[in-house]
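With the hints as constraints, model all of the structure from the sequences given.
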Amino acid sequence: MADVTKRNAADTDLKLQFKEVLERKQRRQRSGQAHGDRGLQAKGMSGPVPQKKIFRRKTG
217 MADVTKRNAA
227 DTDLKLQFKE
237 VLERKQRRQR
247 SGQAHGDRGL
257 QAKGMSGPVP
267 QKKIFRRKTG
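Taking my numbering, the leading residue of the sequence shown gets 217, the next gets one more, and so forth.
Possibly wrong hints are sitting among the right ones.
Just the calculated beta-carbon pair ranges, DEER-fashion [as the list claims (entries may be wrong)]:
#: 1; residue 1: Arg-240; residue 2: Arg-272; range: 50 to 60 Å
#: 2; residue 1: Asn-224; residue 2: Arg-246; range: 47 to 57 Å
#: 3; residue 1: Arg-273; residue 2: Gln-242; range: 44 to 54 Å
#: 4; residue 1: Arg-246; residue 2: Gln-267; range: 48 to 58 Å
#: 5; residue 1: Lys-268; residue 2: Leu-232; range: 25 to 35 Å
#: 6; residue 1: Arg-246; residue 2: Lys-269; range: 35 to 45 Å
#: 7; residue 1: Leu-238; residue 2: Lys-274; range: 29 to 39 Å
#: 8; residue 1: Val-220; residue 2: Arg-240; range: 22 to 32 Å
#: 9; residue 1: Arg-243; residue 2: Val-220; range: 29 to 39 Å
#: 10; residue 1: Ile-270; residue 2: Glu-239; range: 50 to 60 Å
None of these hints come from the bench; they were simulated from the model. All C-beta atoms in this analysis are idealised placements derived from N, C-alpha and C, irrespective of residue type, glycine included.
Here it is in structure tokens:
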């Protein structure tokens, strides 16, 4: 019975540690996204519009 309570306490501590690490990771990711909604500054590049490349089979 004592082993079960020790194991449950260890599992709870381990879960808390994982939860704290996950929260720290998510906080770091959110801090890097402060200006993520702005998008790219160069919206349309000047020059010709790229076209799909056409491949033809060689005959003969």
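Legend entry - Enumerated hints in conflict with the structure, sorted upward: 2, 4, 5, 7
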